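With the hints as constraints, model all of the structure from the sequences given.
One line per chain: the protein sequences are V, W, X and C, in this order. According to the UniProt record's numbering, the residues represented by the first sequence are 1 to 484, in order. According to the UniProt record's numbering, the residues represented by the second sequence are 1 to 484, in order. According to the UniProt record's numbering, the residues represented by the third sequence are 1 to 484, in order. According to the UniProt record's numbering, the residues represented by the fourth sequence are 1 to 484, in order.
It is worth saying that the hints were derived from the structure and are not from the lab. Just so it is clear, the structure is predicted and the values come from calculations on it, not from any experiment. There may be inaccurate statements among the hints.
Identical chains share a label here; the pair holds if one copy fits it or two copies do between them.
[Stated by the list, open to error] Quick list of in silico lysine to any residue cross-link-like pairs, SDA-like style, CA-CA up to 25 Å:
1. K473 x L195
2. K193 x Q475
3. K34 x K378
4. K404 x N324
5. K398 x E437
6. K404 x E419
7. K292 x E269
Below are the chains, spelled out letter by letter.
4 protein chains.
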Amino acid sequence: MSSKVIKGGTIVTADLSYPADVKIEDGVIVEIGKDLSGDEVLDATGCYVMPGGIDPHTHLEMPFMGTYSTDDFESGTRAGLAGGTTMVVDFCLPNPNQSLLEALQMWDNKTAKASADYSFHMAITWWGEQIFDEMAEVVDRGITSFKHFMAYKGSLMVDDDEMFSSFQRCADLGALPLVHAENGDVVAQMTAKLLAEGNNGPEGHAYSRPPEVEGEATNRAIMIADMAGVPLYVVHVSCEQSHEAIRRARAKGMRVFGEPLIQHLVLDESEYFNPDWDYAARRVMSPPFRNKLHQDSLWSGLASGSLQVVATDHCAFTTEQKRNGIGNFAKIPNGTGGLEDRMPLLWTKGVKTGRLTPNEFVAVTSTNIAKILNCYPKKGAILVGADADIVVWDPKRKKTISAKSQQSIIDYNVFEGFEVEGLPRYVLTRGDVAIVEDKVDAKPGHGQFVAREPKGAVNRALSTWKEITAPRKVQRSGIPATGV
Amino acid sequence: MSSKVIKGGTIVTADLSYPADVKIEDGVIVEIGKDLSGDEVLDATGCYVMPGGIDPHTHLEMPFMGTYSTDDFESGTRAGLAGGTTMVVDFCLPNPNQSLLEALQMWDNKTAKASADYSFHMAITWWGEQIFDEMAEVVDRGITSFKHFMAYKGSLMVDDDEMFSSFQRCADLGALPLVHAENGDVVAQMTAKLLAEGNNGPEGHAYSRPPEVEGEATNRAIMIADMAGVPLYVVHVSCEQSHEAIRRARAKGMRVFGEPLIQHLVLDESEYFNPDWDYAARRVMSPPFRNKLHQDSLWSGLASGSLQVVATDHCAFTTEQKRNGIGNFAKIPNGTGGLEDRMPLLWTKGVKTGRLTPNEFVAVTSTNIAKILNCYPKKGAILVGADADIVVWDPKRKKTISAKSQQSIIDYNVFEGFEVEGLPRYVLTRGDVAIVEDKVDAKPGHGQFVAREPKGAVNRALSTWKEITAPRKVQRSGIPATGV
Amino acid sequence: MSSKVIKGGTIVTADLSYPADVKIEDGVIVEIGKDLSGDEVLDATGCYVMPGGIDPHTHLEMPFMGTYSTDDFESGTRAGLAGGTTMVVDFCLPNPNQSLLEALQMWDNKTAKASADYSFHMAITWWGEQIFDEMAEVVDRGITSFKHFMAYKGSLMVDDDEMFSSFQRCADLGALPLVHAENGDVVAQMTAKLLAEGNNGPEGHAYSRPPEVEGEATNRAIMIADMAGVPLYVVHVSCEQSHEAIRRARAKGMRVFGEPLIQHLVLDESEYFNPDWDYAARRVMSPPFRNKLHQDSLWSGLASGSLQVVATDHCAFTTEQKRNGIGNFAKIPNGTGGLEDRMPLLWTKGVKTGRLTPNEFVAVTSTNIAKILNCYPKKGAILVGADADIVVWDPKRKKTISAKSQQSIIDYNVFEGFEVEGLPRYVLTRGDVAIVEDKVDAKPGHGQFVAREPKGAVNRALSTWKEITAPRKVQRSGIPATGV
Amino acid sequence: MSSKVIKGGTIVTADLSYPADVKIEDGVIVEIGKDLSGDEVLDATGCYVMPGGIDPHTHLEMPFMGTYSTDDFESGTRAGLAGGTTMVVDFCLPNPNQSLLEALQMWDNKTAKASADYSFHMAITWWGEQIFDEMAEVVDRGITSFKHFMAYKGSLMVDDDEMFSSFQRCADLGALPLVHAENGDVVAQMTAKLLAEGNNGPEGHAYSRPPEVEGEATNRAIMIADMAGVPLYVVHVSCEQSHEAIRRARAKGMRVFGEPLIQHLVLDESEYFNPDWDYAARRVMSPPFRNKLHQDSLWSGLASGSLQVVATDHCAFTTEQKRNGIGNFAKIPNGTGGLEDRMPLLWTKGVKTGRLTPNEFVAVTSTNIAKILNCYPKKGAILVGADADIVVWDPKRKKTISAKSQQSIIDYNVFEGFEVEGLPRYVLTRGDVAIVEDKVDAKPGHGQFVAREPKGAVNRALSTWKEITAPRKVQRSGIPATGV
Ligand SMILES: [Zn+2]
Ligand SMILES: [Zn+2]
Ligand SMILES: [Zn+2]
Ligand SMILES: [Zn+2]
Ligand SMILES: [Zn+2]
Ligand SMILES: [Zn+2]
Ligand SMILES: [Zn+2]
Ligand SMILES: [Zn+2]
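Next up, the structure:
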């Protein structure tokens, strides 16, 4: 059996930084130490050897109005690898009344050409006894996180009643509920009002879902999770209002996690005011970009631990697809890219500025989500026994981000022109070298599904606490006692 | 024309305290000053002469499961007068699909025997074009506040979509939306769960609607009002979570008012743990009583102005009616009394302890709500031209609260045994002396409807601000400009 | 005796707006009503008749490094009148070891040419038995508010020990402590560091005292007041940090007031980055101007009542005087003007935009501070018996603010070029017409000292509450009981 | 060389839990894996194998009024080992004007009989050029944390000026400042006042330093650290006020750590109201115990990561020594014990209830502080190469805490009677088995000093950020430009 050694680098994990070599066999780390040798040597001199990134929020080949988001598991995982991301977690989205298992089959079919490992979150888009039952089966298949859309009224959205039912079921199964937190009723009405007033450009999308609308939904989801006795993960936290709700919950000991996107960390609302319709429309996503105050809030959250994960919500539509919404912003497909750019941008804007330590970088791009999703230390770790999903990070390598040179197959990049310093020298997926600097050697079909166990430590602890503090019946000596 | 003079007292208003006499003719204050004389003299020596109390939250003769809350406008307004309250605002509750105007007629019919003045809030219990249209007519009739129930699923509850529609309509009409803020979906599910677990006693009622459930709904209503561009009034704020949401909104300049009840200020959750079922059931109301932490929060809010009004939610059911819920707390009619006790209790627990100044006492029992509901200074003022709704308050008079001696016609009092110091010597309703210490001389039929104007100063200011900050369409040179 | 009538206007008070005429005799309001007549008629058609403004924070003819702030009681009160302000409260600043009474005499001497009424705050700049004793005498003379500087190390600054002593004394006397809240130790060190680094321009002044430094001191003063059991008034609240500390205190029921300045509401930190040294230096004051986030916070505080008063800290130094600090920002005399501009600017930026109602405008420019300083309703009111300090406000009058046309005798105006809409038509000081539109007829010597009573309602209430909740000694049966 | 293997247990780290054996040679972990063998086998069946506890806050043999705290490094480290704690960090306290190096020598002398490893924090108790210079030497000796007392006026206390100087020096050296946060001026005055009123019992100690006094100082230290550009560690965070200040700082991205004590987590203020003087006096420490609200806050902070470390402030005085304060609580020596009880109590009240996961338990008792103090992974880790400071934790072992059976040589235990479930089966200090269940085999003299490196990742990141955001001088074209 052939072995590889990553030599001469500094291992950087979520915990600590130290110089050591890493030896790999059969896709797994077999030794960490000084002066290791192996059949093949990857030179990491001057580099950081870090766990490959995990992007827990992608929509590859996502169905939309009869077409699909353009990046699929082939181009998407390749783009991820090019930027140091070695695993994605995609969302399986059943249609109303569709079986979860049937949907899962459809999603599974899309992954044949994945060149990096992947897992799924299952969306709960409707409710009924069938869903209740199938959730257990989904968990058995290693999918232990369930997404809930509080927006997209008329399609994906569930109401509080359905959310509470599903959250309770998650509590029982030891699974983790996720929410897209925006008040869908209000968004729908504000959208209609804006369109009626002639406010139909891409900026209208941003106007239709201000920070208060997101903060409200986050707050509501937190309460429902608290009542159901289950942890909660809030995807794409974009604003102080939502972050504040999360901090407030955590200050009470509630188990709530928050995920900002790289887009919200570095882009702001002024993007929508660009006089070029295409420029603005390409940046339409939900939640929309916010202002600097919100960006500062998100960065602080990553440093202080009230937010834990940086993701992308990669859901790439071409300009052609975006133009579907000319004259009506509500018809612009929601989504941007970022899989290739997340890690270099976060390093450049976060680590180089001192907003984050290198260890915190690893935590928020990889390790934290591996723990939250209960696939640590198989993923997210540089430890003996862990999958050799590794990025050898060269802090001196630079480039200017451009659609021309990207792996994503869409025709633009919302980070066009950003200069980044800090890029992969090598990226390994289960020991295979997929990236050598600019050379991309992703292998379609190499990617495997990552099954995850339910009932992680946080779920178990919370269940114990909720049981101990559960309401107790008052013993009465006669009912009623008075005057009877 | 005969005149009355209240002599020798100290006038206490929301603004200031000063010694002066008050002269009354034709039900109206005609002079304030030193050494006034008139046909009849009421001796106010040693007393405070204050605006009569206004209780903006009562449910007199409210229909419930084929019967009615026991105190009607006759006994209710009499109880109010006995405690210094000279005006009530009751809730008109249309049935689903019922015309607002028809419901108003029904409620108007109940008031024939009112012995003090009254007004109405109109509840929005369903939505449609008819409601949209009738709201304007209701406003024309002097009813400018609209109540929304976020709880009571299956009967009074409206959803976010309906609330947003109604709030927008309020914004247009210059009216004030009110909310009962509890998440009805979650309450319903938690109720079902508790009952299924055998937790069917009155304490289950409290368990089914913890503070987080109220805080969430308050937060949501605030966001919806902000998006609709209208002020908001939150009834029966019972807990820190709800108060915190209000403070957070106010810290952003939002126009939100909060109303704690005298019950939540002085009673706590331990009441539900009483081994006597009747004792506990009589205290069932929504929101339920909370613990000391929440009480402290409410008191602080009154002192600092983040909460503005103390009400009662007087909705009195007899023990007999309460027993409807034996074996199922969800069937215990919700409501307690308080009309007679609000002012003496608030004085005793608030002013005598130094938590509130006498001026703040007047503000929160009378003047603030008169301003919020836009009937100031006809009501809530000791000013020339104001209605002579006056309480001459003797800070030395004491009593022990007891059902035996109360005006309410129910068979118990949730404040039984509380000692109060500070009671009315005289209470005047539009110049008529209805109360002389323990002597009650309320005159059924004396009470009149108080019509109110829409578009108060706060509504107008907020509309201006929302207009100035409204989303602006981006001018584009060609759509799309890029590559076309 | 001659009478005046203000006819045809709308009276606007902190409470309400209503059309009525106002009749004045002997400097006092004698009648309010419809169709009044008198010897002289002032036409208020289309105007608001409001209480004259009170500026509770001025430094007229303040000693500074051997010279004095340029505007004295003559030009200062005239400027005030020109802008609708009919009373100022100035700070008496004893030297270290100087008697309070001696300092008071010096300050009293400055007021001979005041053309509007005035009062004083007394500063506590050192501590000792003499100060302790003299405070009582100062209160007896009608000065019931004591200022404490937490900055200006080496001159005015007092430490926590001195503050606590003085605050306790205030509690006993029923007086109100005021604080200039910036951490003087930190400011001094940061100033030294900036200068050492060559950062000696006016912008260095702002760098040396960031919002955190102010917020800290505010928080500290609040704690000390809470421990001493006395209300607190924080002057020139300029930032969210300080405002947040105040809100946090108020949320706990503490009695804390906050005063933003008109400068901080409308000017921001970018002023210091002007390439013209003079331009920047003229704007040097403490605290310095902040950014938009802080401005929004202050505006919200005024609307929601967590901040109560808008002042100016008028302390006008000429460009010549400002140039004392060329090469060393620490030597630029601190202070700007604003007496003439406060009310027109606040109306324009506050009322016309809908951020404040007209009633709130009156509250924050006049009535609230009159209540806080316990000279209401002599001042701050349109009530029979109140001093006829009245501004007849024409909401249609416009001007562009300019040093060329101002009353202040300094050579610039920090609001130069601001367009205001809303200006006085008439200003009356105790019944004398001092201003008729652009015509200024201030009468030096007309102004009188306003004495104030201690032990206002808030002081009394707080003392009661602190007494009730005071620590109680534990009764022990033997000391020690164990093993003895 | 002889080897040991811990067999059959589940390794629990701050990160994860997994079954594995641990092999130890020469005091260091040499292998982790399945089915390891060695010369000696320690059976860990049914147990958790965790990093030994680190108590970063002890005062062993601390000088006090001519005597010393009774537990010294001999009994103190033995007590620690008995409870699973394998390292302590003690405070070196120079006298005023004493050289840091001289004090260090004195403290070093005390450690001869330590049976577990130890490190030091150096206290800054005065300021001057000598201190400035010696701090570098102290850092060179491996002591990279500097303690500042904001209380104990007249002895240990430093003022803001001194703190800012020292914090800046820490920033330069890459060291970490610590604070004891209570406002010493206010405590001193309140103490004098209480004593003057006859409130001289132990409860007076608690009355003299309420939560607001601690919160204020915490807030102030945070501001000073922020201005100095250095992280901050707040020792013995006992209350919501202090915790809130920390959370607020962290929400802004400031680098602040907080350390609650096991005492404050499980004991409350009612302890001081015990009628037995001795009972109450034994519990006198600073800050004093608080109420349940504060306890809940601390627990939540540990779960959410806003507080990172649980310590003891072990400073044990005998009843005899405590009685020094009969008649004057200010003379009761401050301090309680806890070294032996910290981990069993935290497990029982934290992990068994579900408030913390087992991993969080490890984090807050060991790993987090090792990282913060920059001695990870030598300490605080179960990793190859780490010191074999290991506790084999038996979650089924129970005992009742009692002074009779404790290692501490004082005559009482503040946790007397608490039942704990979860106790060490084995405790190893650098591979030596010091504890086998109830059998204690600590070896005086075995303990070694742990030197630590400055400039940890967080210090470096913060310095970078502060540099990037440092004030920039404005370029001016002429000074002044105007009119010159
Ligand atoms: Zn989404
Ligand atoms: Zn998504
Ligand atoms: Zn209700
Ligand atoms: Zn009600
Ligand atoms: Zn000042
Ligand atoms: Zn000033
Ligand atoms: Zn300490
Ligand atoms: Zn200590």
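Comparing the hints with the structure gives:
Only between protomers do K473 and L195 lie at most 25 Å apart by alpha-carbon distance; the minimum there is 11 Å, versus 53 Å within a single protomer. Taking identical chains as interchangeable, the C-alpha atoms of K193 and Q475 lie at most 25 Å apart only when they sit on different chains, with a minimum of 19 Å there against 55 Å within one chain. Both within a single protomer and between protomers do K34 and K378 lie at most 25 Å apart by alpha-carbon distance, with minima of 23 Å and 17 Å respectively. Taking the closest pair of Cα atoms, K404 and N324 come within 25 Å of each other only inside a single copy of the chain (24 Å); across copies the shortest separation is 58 Å, beyond that limit.
In this assembly of identical chains, K398 and E437 lie within 25 Å of each other by CA distance solely inside one copy; the values are 11 Å within and 57 Å between copies. In the homo-oligomer, the alpha carbons of K404 and E419 lie at most 25 Å apart inside one protomer (14 Å), although the nearest pairing across protomers, at 50 Å, exceeds that limit. Taking the shortest Cα distances, K292 and E269 sit within 25 Å of each other both inside one copy (9 Å) and across copies (17 Å).
In this structure, none of the earlier numbered hints is contradicted; all agree with it.
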